[in-house]
Amino acid sequence: MAGTLLDAKVRVPRLRRGLVARPRLSDRMSRGSDSVLTLVSAPAGFGKTTLLTDWVAGLGRDGRAIAWLSLDQRDNDPTVFWTYVVAALRTAVDGIGAGALALLQSPQPPVEAVLSALLNDLHAAPTDVVLVLDDYHHIDTRDIHDGMAFLLEHLPEQVHVVIAGRTDPLLPLGRLRGQGELVEIRVADLRFTPDEAAAYLSETMGLSLTAQEILMLERRTEGWIAALQLAALSMQGREDVAGFVAGFGGDDRYVVDYLAEEVLQRQPESTRLFLLMTSILDRLSGPLCDAVTSQSGGTAQLAALERANLFLVPLDDRRQWYRYHQLFADVLQAHLLDERSGDVPELHRRASLWYQQNDDAAEAIRHAFAAGDLERAAGLIELAIPAMRRTRQEAALRVWQKMLPDDLVHQRPVLTVGLAGALLSGGQLDGVDNRLRIAERWIHRSAVATPSEDPAIEMVVVDRAEFSRLPATIEMYRAALALAEGNTAATVRHAQQAISLAQDEDDLCRAGSAGLMGLAFWGSGDLEAGHRAYSDCVAGLLKAGFVADTLGCAIALADIRVTQGRLRDALRTYEQALSRAAEEGKPVLRGTADMYVGLSELHRERGDLRAARKQLQHAQELGENTGLPQNPYRRRVAMARICEADGDLEGAVTLLNAAERVYVGDFFPAVRPIPALRARVWIRQGNLGEALDWAHHATLSTEDELSYGREFEHLTLARLLLARSTAEHDQGLINDAVRLLERLLTAAEEGLRTGSVIEILVVQALAHQARGDTASALALLRRALTLAEPEHYVRVFADEGAPMTTLLRTAAKRGIAPSYVRRLLSGVATNRPAERGLVEELSARELDILRMLNTDLDGPDIARELVVSLNTVRTHTKHVYAKLGVNNRRAAVRRARELGLLA
490 MAGTLLDAKV RVPRLRRGLV ARPRLSDRMS RGSDSVLTLV SAPAGFGKTT LLTDWVAGLG
550 RDGRAIAWLS LDQRDNDPTV FWTYVVAALR TAVDGIGAGA LALLQSPQPP VEAVLSALLN
610 DLHAAPTDVV LVLDDYHHID TRDIHDGMAF LLEHLPEQVH VVIAGRTDPL LPLGRLRGQG
670 ELVEIRVADL RFTPDEAAAY LSETMGLSLT AQEILMLERR TEGWIAALQL AALSMQGRED
730 VAGFVAGFGG DDRYVVDYLA EEVLQRQPES TRLFLLMTSI LDRLSGPLCD AVTSQSGGTA
790 QLAALERANL FLVPLDDRRQ WYRYHQLFAD VLQAHLLDER SGDVPELHRR ASLWYQQNDD
850 AAEAIRHAFA AGDLERAAGL IELAIPAMRR TRQEAALRVW QKMLPDDLVH QRPVLTVGLA
910 GALLSGGQLD GVDNRLRIAE RWIHRSAVAT PSEDPAIEMV VVDRAEFSRL PATIEMYRAA
970 LALAEGNTAA TVRHAQQAIS LAQDEDDLCR AGSAGLMGLA FWGSGDLEAG HRAYSDCVAG
1030 LLKAGFVADT LGCAIALADI RVTQGRLRDA LRTYEQALSR AAEEGKPVLR GTADMYVGLS
1090 ELHRERGDLR AARKQLQHAQ ELGENTGLPQ NPYRRRVAMA RICEADGDLE GAVTLLNAAE
1150 RVYVGDFFPA VRPIPALRAR VWIRQGNLGE ALDWAHHATL STEDELSYGR EFEHLTLARL
1210 LLARSTAEHD QGLINDAVRL LERLLTAAEE GLRTGSVIEI LVVQALAHQA RGDTASALAL
1270 LRRALTLAEP EHYVRVFADE GAPMTTLLRT AAKRGIAPSY VRRLLSGVAT NRPAERGLVE
1330 ELSARELDIL RMLNTDLDGP DIARELVVSL NTVRTHTKHV YAKLGVNNRR AAVRRARELG
1390 LLA
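Each residue of the sequence shown is one higher than the one before, counting from 490 in the working numbering.
Derived by calculation from the structure, the hints in this document are not laboratory data. Here a beta-carbon is modelled for each residue, glycine too, at the ideal position from N, C-alpha and C. Any given hint might turn out to be false.
To be verified - Distance condition first, Cα-Cα at most 25 Å in a straight line; then the derived DMTMM-like pairs of lysine to aspartate or glutamate:
{"id": "1", "residue 1": "Lys1372", "residue 2": "Asp1345"}
{"id": "2", "residue 1": "Lys891", "residue 2": "Glu835"}
{"id": "3", "residue 1": "Lys891", "residue 2": "Asp952"}
To be verified - Derived DEER-like restraints, expressed as beta-carbon distance ranges:
{"id": "4", "residue 1": "Ala823", "residue 2": "Leu659", "range": "25 to 33 Å"}
{"id": "5", "residue 1": "Ala823", "residue 2": "Phe1035", "range": "48 to 56 Å"}
{"id": "6", "residue 1": "Asp729", "residue 2": "Arg761", "range": "29 to 37 Å"}
{"id": "7", "residue 1": "His933", "residue 2": "Arg1353", "range": "57 to 65 Å"}
{"id": "8", "residue 1": "Leu1388", "residue 2": "Arg513", "range": "54 to 62 Å"}
{"id": "9", "residue 1": "Ala876", "residue 2": "Ser519", "range": "39 to 47 Å"}
{"id": "10", "residue 1": "Leu1388", "residue 2": "Thr880", "range": "52 to 60 Å"}
{"id": "11", "residue 1": "Arg1228", "residue 2": "Asp1347", "range": "51 to 59 Å"}
{"id": "12", "residue 1": "Leu659", "residue 2": "Leu704", "range": "36 to 44 Å"}
{"id": "13", "residue 1": "Gly1374", "residue 2": "Arg1228", "range": "29 to 37 Å"}
{"id": "14", "residue 1": "Leu1388", "residue 2": "Arg1298", "range": "57 to 65 Å"}
{"id": "15", "residue 1": "Thr880", "residue 2": "Arg1353", "range": "41 to 49 Å"}
Starting from the given sequences, assemble the full structure and let the hints guide the process.
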């Protein structure tokens, strides 16, 4: 059922019979399609949807991809809105927006990350795309307007947006107007001209009117299409048409109401009753109308209404779903309330029952609320909770929660706990503990047969199976609450209690609780305990048949092994996860792309940049729909690290900025924060001012109490101190760095974090080298090499550049790890192309771009080939042009050949 409704919302409405040709408007729409936005804004009844339907039919014949979305009040939730937008776009371009959909399934989807993923796909769209958002006036959520503004600001050239509604949207229309990127069609444009009114009344409605009568109607309605249609319906079958026209006057809403009422009164009683009773429905189908009216023949009745042109709008080509024109629906609903107000709750209850029987919980719940039947709504929500948890629809649960009185919810322990879980998933901690306590009291009373303190209040349970699982579920949520509050001990205690209380078949609760323990141990620095807990989580998920969820666990397990300096084990973790995913066959499991991103990071650290790029390419080819919510940011970070290894520091910063915009932690501890990664690149660039601002913003100092959670940041601070000491010739800064590094080394060794130990030793060696203490520097380097060689580390040394090259050469002369040092020296060596006549040296990434410019590949193809975003390609291309002193692609290739940069 849900799929049918979704399908109807993203289908272009059918063209009506007898449509009046309006080439003046269609031509204006087409001329405006080169702009970012076309706005069609007018009150109800001016033919906005009809105009757009006719226009896009012509576009489709021209080969443009059309994405259509009909909006309603229920789309005011950002997750729902953007899910529908992506669904509409996917009807136009196969596979587009898969990554955005994956992000939208996370508990708190970051809108900018969702839109960035969607925009990347739109940039690569193979054809022009027109996105039509009809009835946008229903949208009043600020976050959605902000997201639309972001989308319009970054819209690719081949994408055009059309917004139609009764009011102007809260978007930066003034700025778009000033930039020439806004086309506006308003009331004055949409009014029927005298010729259009004549064509409509004579040809479409079949009325025999004189030219004078047509002109009088056009003038009195002022071209308002809805009023003309209602007037025409009122005239059908009248003998005194001239008298009707002469007595008809005015163009305000009261006249439209009057005409609509007159049309309604002229219907047979059975039709009139059908119209009134079904006016409670946003969408109509034959079986649904039968259920609401308690009659048969709903399908035939809808077909008859459509043939009579009685304000019924078809929503699909199969003629299964319809809606009433809003003006007509308003009149019908007003008459229903006037004449049969007592029937309204029962009609909504019938609709609710039908939707429940047809597996559309959301509509069943909405009609239960409309019926004022809060008891039924509460029961339906309770039954829907397990499925909504699985499909990450906690946002809807949080909305419904606000519509239910606390007293009603508190009688229902299963509902109370389910809504507490929805609050937790949204990061809303207030009230969670109280809800869990209320549920616990009911469980205790039930266990000991203790009556309620108030005899009038009894416990209500609809889902008995969920009630039996409540004790374990409550403890699991208490563990999650403690984790959110940073209380590791309480997290572990409650998670262990949840595991002990879980029923034999409740593998998911045990797995979830083990995962929470793993997060707590990991975040606190107890990596081995974290790894054990996560391994238990994987085992539980596999037992429950949730193979896809184990891929997310693999990221945590591999990351822990990397921190422990066990690159081979991390590699094995990703490979085993991929093997499990492959065994599941098609479709590709969500999370598979993340495994390739993880493998890319490991290959990069081991110095195999070609393999690293290949793994990222594989992840990108799979599509972001095969990635977890973290994938967009993790992939960009991996790309940035490869750029850094290539010497393309500017490209690395650009990618890290992009990664920050799409960051989703998904409860993982941020042990390598993006701002700290960016600060390290700034240090390599010599941009110490920016790096120093980062350190101040992060409130870091050499005297801080150390923790695993901030180890990466403090190590970055030590790097900054060393760089500043060189730039400012301040020996005191080196001494501060050395003292901080000594403390960091002790903490990392005590925590068995060998990966951290290796990097700390490397930085310590460079610090002592800068002090002129070569003996100490070599001793520290020897320790780092001893730990790193078995796991084949390369980049931890190679990324340090010239100072490390000097130190490694000295180590080679002293016979320290000779074969390993030779390999590392090859990793830090740079091969620069001929640079005769260059304004400025080209970076490694810019040389890659230059070589691609000498092919037939276009921008999107180059981006895919190099595993970067299209914006990154454009940025590098501009830099190449500037450095070569040219302003187009052909000139760049010619100049590069002159300089010997291309064969």
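Holds or violated: 29 to 37 Å for the Cβ distance of Asp729 and Arg761? violated (24 Å)
Taken at face value, is the distance from the CA of Glu835 to the CA of Lys891 at most 25 Å? holds (23 Å)
Is it true that the C-beta distance of His933 to Arg1353 lies inside 57 to 65 Å, as the hint says? With Cβ atoms ~60 Å apart, the hint holds.
May I ask you to test the hint 52 to 60 Å on the CB atoms belonging to Leu1388 and Thr880? holds (57 Å)
Quick check: does the Cβ-Cβ distance between Thr880 and Arg1353 fall within 41 to 49 Å? The hint (41 to 49 Å, Cβ to Cβ) is violated, given that Thr880 and Arg1353 are roughly 31 Å apart.
Can the suggested window of 57 to 65 Å be confirmed for the beta-carbon pair Leu1388 and Arg1298? The hinted range 57 to 65 Å is violated for Leu1388 and Arg1298, with Cβ atoms some 31 Å apart.
Check the following: the C-beta atoms of Ala823 and Phe1035 are separated by a distance inside 48 to 56 Å. holds (51 Å)
Does the beta carbon distance between Ala823 and Leu659 stay inside 25 to 33 Å, or does it fall outside? holds (29 Å)
For the pair we were handed, Lys891 and Asp952, check the Cα-Cα distance against 25 Å. holds (21 Å)
State, for the Cβ atoms of Arg1228 and Asp1347, whether the hinted interval 51 to 59 Å holds or is violated. At roughly 54 Å between Cβ atoms, Asp1347 and Arg1228 fall inside 51 to 59 Å, so the hint holds.
Indicate whether the distance between the beta carbons of Leu659 and Leu704 respects the range 36 to 44 Å. holds (40 Å)
Kindly confirm whether 54 to 62 Å is satisfied by the beta carbon distance between Leu1388 and Arg513. holds (56 Å)
Comparing the model with each earlier hint shows violations of hints 6, 13, 14, 15; every other hint is respected.
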